[in-house]
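There are 2 protein chains.
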Amino acid sequence: MASLNLINAAAARLAGHSRRTPLLNAPLLDRVAGRRVFVKAECLQWTGSFKFRGGWSAVSALTPDQRARGVIAFSSGNHAQGVALAAARHGAPCTILMPADAPGVKIDNTRAYGATVVLYDRARQDRDALGAALAANHGLTLIRPYDDPQVIAGQASVGLEIAEQATEAGVTTADVLTCCGGGGLTAGIALALAAHAPGLRVRPAEPEGFDDTARSLATGTRQRNATLSGSICDAIVTPTPGDLTFPILQRLCGPGLVVTEDQVLRAMALAFAHLRIVVEPGGAVALAAALFSSDLPETVICTASGGNVDPGIFARALAA
Amino acid sequence: MASLNLINAAAARLAGHSRRTPLLNAPLLDRVAGRRVFVKAECLQWTGSFKFRGGWSAVSALTPDQRARGVIAFSSGNHAQGVALAAARHGAPCTILMPADAPGVKIDNTRAYGATVVLYDRARQDRDALGAALAANHGLTLIRPYDDPQVIAGQASVGLEIAEQATEAGVTTADVLTCCGGGGLTAGIALALAAHAPGLRVRPAEPEGFDDTARSLATGTRQRNATLSGSICDAIVTPTPGDLTFPILQRLCGPGLVVTEDQVLRAMALAFAHLRIVVEPGGAVALAAALFSSDLPETVICTASGGNVDPGIFARALAA
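Residue numbers (the UniProt record's numbering), protein chains in the order written: chain A, 1 to 320; chain V, 1 to 320.
None of these hints come from the bench; they were simulated from the model. Hints may contain errors.
No distinction is drawn between identical chains; accordingly, a pair holds when it is met within one copy or between any pair of copies.
[To be verified] Calculated cross-link-like contacts (lysine to any residue; reagent style SDA-like; alpha-carbon spacing at most 25 Å):
no. : residue 1 : residue 2
1   : Lys106    : Leu252
2   : Lys106    : Gly170
3   : Lys106    : Ala12
4   : Lys106    : Gly34
5   : Lys106    : Thr141
6   : Lys106    : Asp295
7   : Lys106    : Leu4
8   : Lys106    : Leu318
9   : Lys106    : Asp30
10  : Lys106    : Asp147
11  : Lys106    : Ala315
From a predicted model like this one, the values you see are computed outputs, not experimental measurements.
Using the sequences plus the hints, can you model the full thing?
This is the structure in structure tokens:
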């Protein structure tokens, strides 16, 4: 199968460059959940999210000539930082298109990872046209956040590690809950587990009101979110499941899970108290589902997919 | 050397039971520090601190008969939780003596790990006499927090892992900064590194006003702290270096480092932002020294020795 070859090749390129993040658990967290909960702590990955894997996979798959010309990505968040650091470590020029009203710390961090940040006016400029023009003029390769086979193959390395670490922990049967936006991480993990740990079933988790994937899986056709703003889980809010990712999810995943914003904040506070990791709201959706959903087996594995969170929002979670 | 045999035997007993915590670093943290900083994230250890290692080492070194009678420890903090979980996993009864005014969450957590918590009145009861009576009546073995060869040998496993992980990261020469209270962790790491990574020199870090170890190393005789209260770094405040630990520190460590409370809070916030780990004040002292001291080499490794922190204090660090 083509995708498995891509996954194995991406894993080989990532070896020694991405961090093998720990699969954490804690007796006191299991007590709260009433089940065994393992957390794949991708917030400890380079740049604070799994996005570094997809970025590295994509950049490392380019020809030397493509790399020398450089890459471009559209993102104000984790994808931007993941691609920026991956490109920098390959010596590839990197341009990131960000809205001018993005938080200053995200712009600063993306620049600190070595990218050239181009700001645009959300209200007055067409991002896609601007990006296409930049890419054409400079011969840049666009790295999409999830609808790219090399990006999905990179995120699949999370699944390969979960398969190994579950075996080390003696777990052969479990639901694996993923924080799901466009579906790159979910599709990648699902492909890896289908090949290496068939007893582990993937289920995407989403915030209430932004559950396009759950509804798409339930109805069999791709659904859209009514709005894209207003969620604290901004990192995983996308209009609709991806062209490439949705057929994979349909084939391999169980039903989606939906959590409330309050559950997400409580999950962040419990990860703070019992695992001592920093998880951002969009990265805590799967843990919230693991802790607070009723429709789950005795053992659950979930991704803590990112940890880039505004201190104010984190303090709000701690106070909740 | 007797201590190396103890260390190797403790490591063998810990294998598969303690967590091999990651050695983290981040490009943006290095920028702040102006040097390369690696962080041994013991906040990700079972019970949220390195103390689980010493507890496990001590409990697992007992005879079956001693284990069946049980263990006792005096602590309101990380040592209590480490010993409690280690004992529970050995099926050994565990009694923890805690002051009645200890934070409720610490008492609850220690009970949740399976220990019998005996509360005493700090003002009216003599803790040592009470503990001695309990130990004598029930045949319990006392596990001291640092002045115990098996506890030091257990903490030394942090040093064995640092030696391996530094090699993996290509680091052969560095200062290794430790959060230092009674000196169990510092002595253990120093013994392990002297044997396995002679290019790595240990230096204890302490909070301003509670720098008994730095002053003891500087003067060559054990100094005492003027007071034991009033520090946010309560986890590492002890009256004076240990009987067993100080001679080891004197033989193997470089000069101590002292940091301010404000630097500790800033280190906690930077670990939040760039490493996405939760570090308690006493566990952030070495990172604060790594980030803000001038008298350091190009590469520094430091322990983030614990992550059990009150949400209010953590929020204060984020707001600073």
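Each hint, compared with the structure:
Taking CA atoms no more than 25 Å apart as the test, Lys106 paired with Leu252 passes in neither setting, with 34 Å inside one copy and 43 Å between copies. In the homo-oligomer, the alpha carbons of Lys106 and Gly170 never lie at most 25 Å apart, since the shortest distance is 39 Å inside one protomer and 30 Å across protomers. For a Cα distance limit of 25 Å, the shortest separation of Lys106 from Ala12 qualifies neither inside one copy, at 30 Å, nor across copies, at 44 Å. Taking the shortest Cα distances, Lys106 and Gly34 sit within 25 Å of each other only across copies (21 Å), while inside one copy they are farther apart (37 Å).
Taking the shortest alpha-carbon separations for Lys106 and Thr141, only the intra-copy value of 22 Å comes in at or below 25 Å, while the best inter-copy value is 53 Å. Taking the shortest Cα distances, Lys106 and Asp295 never come within 25 Å of each other, neither inside one copy (37 Å) nor across copies (32 Å). Taking the shortest alpha-carbon separations for Lys106 and Leu4, neither the intra-copy value of 34 Å nor the inter-copy value of 48 Å comes in at or below 25 Å. Taking the shortest Cα distances, Lys106 and Leu318 sit within 25 Å of each other both inside one copy (22 Å) and across copies (17 Å).
Taking the closest pair of Cα atoms, Lys106 and Asp30 come within 25 Å of each other only across two copies (18 Å); inside a single copy the shortest separation is 34 Å, beyond that limit. Taking identical chains as interchangeable, the C-alpha atoms of Lys106 and Asp147 lie at most 25 Å apart only when both belong to the same chain, with a minimum of 23 Å there against 47 Å between chains. Taking CA atoms no more than 25 Å apart as the test, Lys106 paired with Ala315 passes in both settings, with 19 Å inside one copy and 21 Å between copies.
Hint violations for this structure: numbers 1, 2, 3, 6, 7, all remaining hints satisfied.
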